[in-house]
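There are 2 protein chains.
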Amino acid sequence: MNCIIAQSGGPTSVINSSLAGVIQGALDNNFDNIYLSLHGIEGIINKDILEVDKKKFVRGGVKEKLMARPSSILGSCRFKLPEDLNDDIYKKIFEFLLEKEINVFVYIGGNDSMDTVKKLNAYILSNNIEGINVIGCPKTIDNDLNGMDHSPGFGSAAKYICQSLRTIRADVDIYDLESVTIVEIMGRHAGWLAASSLLADFGYHKELVNLVYVPEESKSLKEIEEEVKEKLKTEKNLIIAMAEGFRDTDSYLDKPMFSNSDDGFNHPIVSGVAQRLADYLRDKLGVKSRAVELNIVQRTSNHISKTDADEAFKLGYLALKLGLDKTNLIPVLRRKEGKSYEVFYTEVEPDLIANKEMKIPESWLKDRKILREKITAYALPLIQGEVEQRYENGMPVFVELSDFTK
Amino acid sequence: MNCIIAQSGGPTSVINSSLAGVIQGALDNNFDNIYLSLHGIEGIINKDILEVDKKKFVRGGVKEKLMARPSSILGSCRFKLPEDLNDDIYKKIFEFLLEKEINVFVYIGGNDSMDTVKKLNAYILSNNIEGINVIGCPKTIDNDLNGMDHSPGFGSAAKYICQSLRTIRADVDIYDLESVTIVEIMGRHAGWLAASSLLADFGYHKELVNLVYVPEESKSLKEIEEEVKEKLKTEKNLIIAMAEGFRDTDSYLDKPMFSNSDDGFNHPIVSGVAQRLADYLRDKLGVKSRAVELNIVQRTSNHISKTDADEAFKLGYLALKLGLDKTNLIPVLRRKEGKSYEVFYTEVEPDLIANKEMKIPESWLKDRKILREKITAYALPLIQGEVEQRYENGMPVFVELSDFTK
Chain X
1 MNCIIAQSGG PTSVINSSLA GVIQGALDNN FDNIYLSLHG IEGIINKDIL EVDKKKFVRG
61 GVKEKLMARP SSILGSCRFK LPEDLNDDIY KKIFEFLLEK EINVFVYIGG NDSMDTVKKL
121 NAYILSNNIE GINVIGCPKT IDNDLNGMDH SPGFGSAAKY ICQSLRTIRA DVDIYDLESV
181 TIVEIMGRHA GWLAASSLLA DFGYHKELVN LVYVPEESKS LKEIEEEVKE KLKTEKNLII
241 AMAEGFRDTD SYLDKPMFSN SDDGFNHPIV SGVAQRLADY LRDKLGVKSR AVELNIVQRT
301 SNHISKTDAD EAFKLGYLAL KLGLDKTNLI PVLRRKEGKS YEVFYTEVEP DLIANKEMKI
361 PESWLKDRKI LREKITAYAL PLIQGEVEQR YENGMPVFVE LSDFTK
Chain F
1 MNCIIAQSGG PTSVINSSLA GVIQGALDNN FDNIYLSLHG IEGIINKDIL EVDKKKFVRG
61 GVKEKLMARP SSILGSCRFK LPEDLNDDIY KKIFEFLLEK EINVFVYIGG NDSMDTVKKL
121 NAYILSNNIE GINVIGCPKT IDNDLNGMDH SPGFGSAAKY ICQSLRTIRA DVDIYDLESV
181 TIVEIMGRHA GWLAASSLLA DFGYHKELVN LVYVPEESKS LKEIEEEVKE KLKTEKNLII
241 AMAEGFRDTD SYLDKPMFSN SDDGFNHPIV SGVAQRLADY LRDKLGVKSR AVELNIVQRT
301 SNHISKTDAD EAFKLGYLAL KLGLDKTNLI PVLRRKEGKS YEVFYTEVEP DLIANKEMKI
361 PESWLKDRKI LREKITAYAL PLIQGEVEQR YENGMPVFVE LSDFTK
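Top line first, the protein sequences correspond to chains X and F. According to full-length UniProt numbering, the first sequence is numbered sequentially starting from 1. According to full-length UniProt numbering, the second sequence is numbered sequentially starting from 1.
Same shape as in the complex, but just chain X (with noise of 0.2 Å):
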């Protein structure tokens, strides 16, 4: 039995953690060869793809190193297959697997990779192809998929986030005077993450977090105004956490920040809405104002989640497992009833993620105080523990992809 296995989206600090745990789903499964698609489907596509070296991975402990790896260590795309099961690129990608005898298929990615196994099983069906199982196993930072309790990736960017924050809070205290920082953090759609935020008040010994927005909701910038001048009156140094998407009804935060209207990947430059706020404010309030933008390394930083890791493990090891024998599959997981916090493992059609997105809920949003209490109860779970790192020269060091690969 062979497999070939892709990760395709944005990187995670976890989607590694999933890579690895197909690569030791495959060896538990006797697997005679283990291939890597280079750049998610484009590997295949362009016949660029390695194989795993099974004695390297079991002696150089890789399974470790890879989930204290963040970033996708396979390389990503963003390329959508087409509608048409006729395009001569579903052919490509099938002569490919059969040439190479594969028969599970593991695509590690977002809602749209889940879009891409759902086509990829369209055409399995309607060309009567047997053998080859297409599983998918999701991540994602913005813990926006559908049909499961959160999203791997989810729990390590909230963490970086929060320790973020915890040093930010040491910052902004130091001066004896009225300021607010903005600290803008990612998500377009759904506020997860900057709800998050909210976690690293936990255990502190007051408010750390002062005002939430998130895109689920919208205010207009005297709400936002007035709600800065009401929590000034009891907190001299105010953190607000905005997610990039959220947008004011006046519109005066989604102004394009300069002339070009994408970033290069077709996504519009949504960033910046914590400059424009703390300009805003600081015309208005007359108050120190600052924008910190927590960049990209909010969702490849190497502080990974243990709980986040050993989850992403678990859905690698079981999307391998399920190609045994099934295709068209995606393993999620859910959270049991109760106090303490216990997941158990299911799958899923992609049909339920693909193209879907799951926002914060309504009744969360009410108050914020409700909002603390949910998060914390949900979120607090899924930043526990750290996956060790290994240092040299006084820097991280991480798995190359030499390391395991013939």
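In case anyone wonders, no lab produced these hints; they're calculated from the structure. One or more hints might be untrue.
No copy labels: a pair is met if it fits in one copy or bridges any two.
The calculated lysine-lysine pairs, modelled on DSS-like cross-linking and capped at a C-alpha distance of 25 Å, are [unchecked claim]:
#, residue 1, residue 2
1, 65, 359
2, 63, 314
3, 406, 222
4, 65, 229
5, 65, 306
6, 80, 65
7, 369, 406
8, 206, 65
9, 366, 100
10, 236, 80
11, 406, 206
12, 65, 54
13, 233, 47
14, 91, 314
15, 47, 314
16, 206, 229
17, 65, 219
18, 100, 80
19, 406, 356
20, 63, 206
21, 314, 326
22, 284, 55
23, 366, 339
24, 366, 54
25, 236, 47
Following the hints, put chain F in place on chain X, whose structure we already have.
Below, chain F without anything else, positioned relative to chain X:
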């Protein structure tokens, strides 16, 4: 004997290591009362002080906890003493110091704060005050303090920058297309931190940072464009390290980004150069480009260099010791000649440091190969070792003032 300690200027990751050093020095020299002034010199002016509980300090292992706690725990100020020594404020300060029977006042800060040390000593001299010694203790992330080999705080900031660049490199390499990522790094007048980004290359399997721009040099946009084009011939995903204070000869990068021209702390908003250059390159070269601003976490990261923390502690310890029988001094560290990294400690007068700036030597900037060699030999030793952090609930927990004060 009594002493008082204050912290001033911008925060660093090891400014509390110096505080711990001063306190340890006071304990070892059997001081009776160890006072802490809150918000720099303002705490003395406003009688806003605390006293160290010696038993709590020792029993609570506070020394190690302070060394793991970034950002000025005593708070800070941006207060410049008047030039006129007859100003009432001097009288007020010394009345308080006499009232509390202070023998040693240690002021931990940067070049502005060393100006304060200088002025207080001028007052002591002109008023024949005896028995009060005012000693400075150096810190800054910018590494621009004159009279010493390097500044405490620089090593930890450089370490954070290199760690971030390792993960940013893992991120930018994932797509199989040309891209330019411009990382904006702190440094208004000196490029030490931007240049230290080159350390991230050390032991890495390829060039990690491809181009570096520092405030010590100015270039035209056309020159930058040509350098980027040249680099893109051999590397698909460029990373450019750019100091926030870098300026092009065309004055394109220093347009104010928004309507307000300062950050409320009376510093002009100079950030945004990376965003601007990303925009320019996208326009001119049609290349995918984005800006990553390494934000204030640079200066208060809890990923602290052990070397840096140990040196900062030693300087604090020596500051107190100098104050036993001398005044108007600042302990500094210098590097011993020879292949292996070793420092020795000596002292200078504040005049050598106050209001001065140390820049990257011109000879280092002749070409990038030389800069890489020079900065690596210089700064790599400074990022070595990791200060252990205490984690609770998946987040770092820092020591509080109440953990070691009465």
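| In rising order, the numbers of the hints this structure does not comply with | 1, 3, 4, 6, 7, 9, 14, 15, 17, 19, 22, 24
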